[in-house]
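Asker: Each protein sequence line maps, in turn, to chains G and X.
Per the numbering used here, the first sequence runs over residues 31 to 281.
Per the numbering used here, the second sequence runs over residues 1369 to 1699.
None of these hints come from the bench; they were simulated from the model.
One or more hints might be untrue.
If you want the ones that stay clear, here's a sample from chain G, every Cβ over 10 Å from chain X, calculated [unchecked claim]:
hint, residue
1, Thr40
2, Arg44
3, Glu144
4, Met155
5, Ala182
6, Asp269
Computed, partial: chain X to chain G, Cβ under 7 Å [claimed, not checked]:
hint, residue
7, Gly1587
8, Arg1600
9, Met1637
Think of the CB as a built atom: it goes at the ideal place given N, C-alpha and C, for glycine as much as any other residue.
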Amino acid sequence: MSLLTLSGLTVSLRGRDVIRDISLTVGPGELVGLIGPNGAGKTTLMRAALGLLPFTGESSLAALPQAERARHAAWMPQAREIAWPVSVEDVVMLGRMPHMATRHPSPQDRAQAEAALAAMELTDMRHRAATRLSGGEQARVLIARALAQDTALLMADEPVAGLDPAHQITTMQTFAGLARGGKSVLVSLHDLSLAARYCTRIVMLGEARLVADGTPAEVLTPERLAQVFHITAWYRDTDHGPIYQPLEVIR
Amino acid sequence: MSGALARVMLPLGLAVAALFAGSLLVGPAGLGIGDSLAALLRGGDGPAALIMREIRLPRALLALMIGASLGLAGAAMQGYLRNPLAEPGLIGVSGSAALGAVIAIHTGLAGAFALGLPLMALAGALAGVTLVMLLAGPRGGSLTLILAGIAVSALAGALTTLVLNLSPNPFAASEIVFWMMGSLADRSMTHVWLALPLMAVGFALLGTLGRGLDALTLGEDAAEAMGLGMRRLRLSLVLGTACVVGAGTAVAGAIGFVGLVVPHLLRPMVGARPSRLLWASALGGAAMLLAADIAVRLVLPERDLKLGVLTALVGAPLFLHLILKLRRERI
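Okay, chain G solo, but in the shape it has when bound (with noise of 0.2 Å):
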């Protein structure tokens, strides 16, 4: 059963198509990297997918009733917005709010919240207003927000950015753990090498269409790097996985 089904999903704004007839699936088990260069339409993709935005074509999580999707799928923004100085666990708990029948969390609400607060190590800060935290920090409250929803599908935008390397690796490390789990993932990236590490696939957008979908091997290969991101990069299959070092510019 995939988990995200779209076809020939287009959004338009202002007769522009910010993304043009993109078809996907993601099934369970699956961690898929989202890349693209600026302005590709990473963002618009999943926004339309979660059903944020008005488009044309067809999005199985966009068709569910909004109660239900939130039970089914997580989605952590690009804006990492925390209006409220509210403690962190504060915050975490709101993750819990689509399974809460009453305003008082149960004993797996409370645990929920917990594996999630440890898995971001933030067990030590929980009482910590989260708005007075560094912007790594609170980048990590928010994926372990979007962890407690606890949802057969997690969608998140650029989560790593901003995020020391530890912890930059252990999100990732988090999210692979998930899809072994059998759940899905979709994360858009920067990081062409942590993509190429922990994804187990990658779809690559360039100019609102969907260039590239398949094994990181696959579709991180030169000629679409330069064309796409109009880059060289170094490429090895190491010990350690693949590494990707982007290094110049093609102008």
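Let chain G serve as the given structure and place chain X on it in line with the hints.
Answerer: This is chain X only, laid out in the frame that chain G set:
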């Protein structure tokens, strides 16, 4: 209720109860405490019963209701807009209610018919909220709502000034100006019964917002993806605010700063959670307005100091203090 919340709600509740009792016991008639309460409870035809039941009770009840309304609507508005500078008047309802009232005074409707003024003010509030909803559109985020609110406020303000400009004589003009300052003096139980049903509807609408406002802490996108219907939330917010603020302005005039300052002051005490702030703010607003209404009777009893003037005088410096605190934190 959790322990932390109880530690905030209980003292606030006690303060409201004490100030409500205080409001019933303070006045120029100089009745003793025992006599006042006996007259209030037993009633009868004596002057004490008349003062208690027809003058002080409605005044205390209105302060309680309007204060709670302003506090609740202020907390809801700040939570929705995720902005501590938001206040209930932002959507233009108080401005348009005031315009309705001013027209009632100008045309003589207010003098001809006891409820002419509050009913015209309610009509103004209804027109204002309809216009805001039409301008903001069925979809759209918080920004369109703010812009629509500013547009309606500006229009109502301009028309109010026009009415003042065209007032036939200085007495009419001064009556308008004094009404606009906001007061609870000489209100009757009729005013209470007029405002109460609308306020009950408004409280019911605003009271449902807690969950959605909590989710909105993370932005509109995240909240929607967590299953919150943004359109319904906005509709409840606007209609609820229109009900409580429209009714409040209709019976008491424009009373500023309560809806702005109270949520801001109480936010740190409830862990900044918008859902908890709603009811804490309602109690806080009631306490502030009851205290202010007692103060106008004690400070300058013979000069009829207006309630709205006092809340602004107290509110402005309090706000200044908050700004300074914020600036210290930012650096």
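Asker: Each hint needs a verdict: does it hold in this structure or not?
Answerer: Outcome of the hint check:
1. Thr40: Per Cβ check, Thr40(G) is outside 10 Å of chain X; nearest 19 Å; holds.
2. Arg44: holds, 16 Å
3. Glu144: holds, 18 Å
4. Met155: holds, 15 Å
5. Ala182: Ala182(G) clear of chain X: closest Cβ-Cβ about 14 Å, beyond 10 Å.
6. Asp269: holds, 40 Å
7. Gly1587: holds, 4 Å
8. Arg1600: violated, 10 Å
9. Met1637: violated, 12 Å
Of the numbered hints given earlier, the model fails hints 8 and 9; all others are met.
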